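Each chain, written out:
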Amino acid sequence: MSQTILSHTFANGLVLVAQPMSSLQSAAFTFLVPAGCVYDPAAAGGLSSFACEMALRGAGERDSRQFVLDLDNLGVERSEAVFDSHTSYSGATLAENLPAALAVYADVLQRPHLPAEQLEAARLVMFQELRAVDDEPSQKAMIELRRRYYPKPWGRPSQGDEEALAAIDDEAIRDFVDRHYRPNGTILGVAGRVDWEQLKDCVERALGGWQPRPEQPIVAISAPVKYEHIDYSSNQTQVGIAYPTVPYRHPQYFTAWGAVGVLSGGMSARLFTEVRERRGLCYSVYASYHSLRELAGVFCYAGTSAERAQETLDVTVGELLRLAEGVESHEVVRLKARIKSSLIMQQESSSSRSSSLARDWYHLGYARTLEEVGRQIDALTSEGISAYLVENPPRDFTIVTLGPAELEVPVGVS
Amino acid sequence: MEFRRHTLKNGLELVAECDAEAYSSALGFFVRSGSRDETEEVAGVSHFLEHMAFKGTPSRSADDVNREFDELGAHYNAFTNEEATVFYAAVIPECQDRAVDLLGDILRPSLREEDFDTEKQVILEEIRMYDDQPPFGADEKVKALHYGPHPLGRSVLGTAESITALRVEQMRSYFQSRYSPGNIVVAAAGALDFDALVRALERCCGPWEPFAAERIVTRPKFHDGYEVMRKESATQQYALQLAPAPAAEDEDRFAAKLVATILGDDSGSRLYWELIDPGLAEQAAVSHYEYEGAGAFMTYMSCEPEQAGENLERIRALFTRAEAGGFTAAELEQAKNKIRSRIVLSAERPRGRMFVVGSDWVHRREYRSVDDDLKTVAAIKLDDLHAVLAKYPVTRSTTVTIGPLAELPAGK
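Heads up: the sequence lines are chains W and V, in that order. Straight run, no breaks: the first sequence in the working numbering ends on number 414. Straight run, no breaks: the second sequence in the working numbering ends on number 412.
Since the hints were derived computationally from the structure, they do not count as laboratory data. None of the values given here were measured: they were computed from a predicted structure. Be careful, since some hints might not be right.
Here are a few chain W residues that face chain V, going by a calculated C-beta distance under 10 angstroms [claimed, not checked]:
#1 D134
#2 V333
#3 S351
#4 G384
#5 S386
#6 A387
#7 E391
Stretches of chain V that chain W covers, calculated by requiring three or more beta carbons in the stretch to come under 8 angstroms of a beta carbon on chain W [said to hold, decoys possible]:
#8 26-35
#9 327-340
Virtual Cβ for every residue (Gly too), placed ideally from N, Cα, C.
Using the sequences and the hints given, assemble the complete structure.
Pasting the structure below:
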């Protein structure tokens, strides 16, 4: 699997990072704009999401109807998301439509109308999204876990809260976009059937005139929570457990990631085997790795009926603590097989590559080729992962439960 | 791209789209076994059986099955719906034969009682999980109302009661009525060694004895109806509507997909501008579902409870306008552009093609390439869409709403 990753930093600071994939007919793009929800003022949670919703309501020559119509006719499968550090605008389409799609997004980023007459409609959309989370207990539990695990403003929910959303006005949105929609700090990842020189020219034409703005500092305040229960009327209790790990850019990242892969991933991984297969305690149980630039966490989830929730928490925590005793070589062999086939299959998707390229650049200042990732995976050993776990056992847990009754945190959990 | 097929002596069929350029191989075992094949006493058995397939065979323990799938680095899973249970895996090409051997083996599961009892708890947790996520309950209710006594009205998951009462002997006898080799299609796509694939299948599935596994397909009679289900713990109100639509074997199913796209795609559709853009609903969409002998337009809407009544009226009015006034050429063009792009994008992964090739064969014993589908979509005219709407009016629907409201007047 030979691949080339090309990158260019434009005069205004915008970074383009691309991987031509000639076997595909599609091309995909991911804009990471440094306008994530960490930049929401403390009293205006949800402002970044509100701004994103407004930015899609017309830009440049297009009103909101023309905007949607043009993207539909270009066959762009699009999505937007607001993360801690960035707002992401991404899409995939037939390769020949990429330049036109990028031109539409160049307008969104530089010339959004933010139409005052649509502010109330957009506010209703925000309320709807907020309420929808209330009907998804597993999602709600994990949002609350993230909020308590990371030092503020990291880990804040991008959806904001009802009171803050109600108070956001036209001026706050304009001000947010003015400050945070800027080329310096924006990363554009592109993957698929593209010609690098043509792509670079196209981006230069579309976004070269975008004016830089000052960077915005973040001050984080830590207020760790050990255990919190949230009352919620439901059959099941949602159990969320988080603990610290190294961020993506850390030299030991792949080792730490490998340890989480032993815990969760395939159906032979420890959590699935012990919690679901052996004991039938739940349908869904997993652990996932989440990394910000400087901080990271392992987030574990299990959902189970209220009367079996205590046992589920105990067994899950037991597995996390047992990890410190090390991992077996056969577990690492399976982990490697799974990851290596994922790497190969990533080449079949322009979307997944374009977002990986942009994310890598943010974390590392360059994008790893799949070959480089493959070498890092090859280098993993059970001894290496076990040694890491002796030094860095899962500990300092933050636990959130959501359901009809509070649980007891198992003994031995610091 | 080359289509190849092979039939084993016992009736099991293999259909494959070979693409030498692909990076991976996708394999799926499509068993014609779903909720429409069940009776009231065993409601949910097809889906439970899907879980049990992973719990071991005469030559593999449950741990072996999970471990071996992971050793292959496979992306694998299974799902059950109204008319099929599908077991699938995507692997790198060198693991093709081992993946066939493993997938084939789990289709002859041991169905041990002890595993059955443990897995029953997992199924019950799955039901409780969905029960905490509205609109669960309404989706099964709307099917039951719409299809009446027809088997398509049956629940896929079953209920906590039916699963609790189910005995392993009942599952074994259900297995003996559905998992006959003649009732199974193996679909494959991507980088395949077809001859090796045939050999692996012959080795693994060749010895399976065929037996009778009939499905009597009748076209359902449709019932319209309206029901409000109360769920006080829900925050949002949800509404689901089913209306008859072209079936899997009907030529006008492509036109039906375009109708659904114009009416209720998640971007740029009529419902989008009516309800999503102004913030009146969180979700509002129309999709086209196709089954053997029946099809459905499914309308889905979620919003804050106070808005639900007005939204249902707006949906009704919007559908009535479409039935009376039809669509514009610009709308058709927009819908075609979207569908064309989706067909191409989803075909880039062998997994995406495997599902299409498999379901085309199961439904119609027909192979259609990506180009065939693109050409068919390109040739559809406005009149075709209008004919679908005339034959299958979207207003002739069954509606179930669920949420905090105790009552909600039907949209007029």
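Hint by hint, which ones does this structure get wrong, listed from lowest number up?
4, 5, 6, 7, 8
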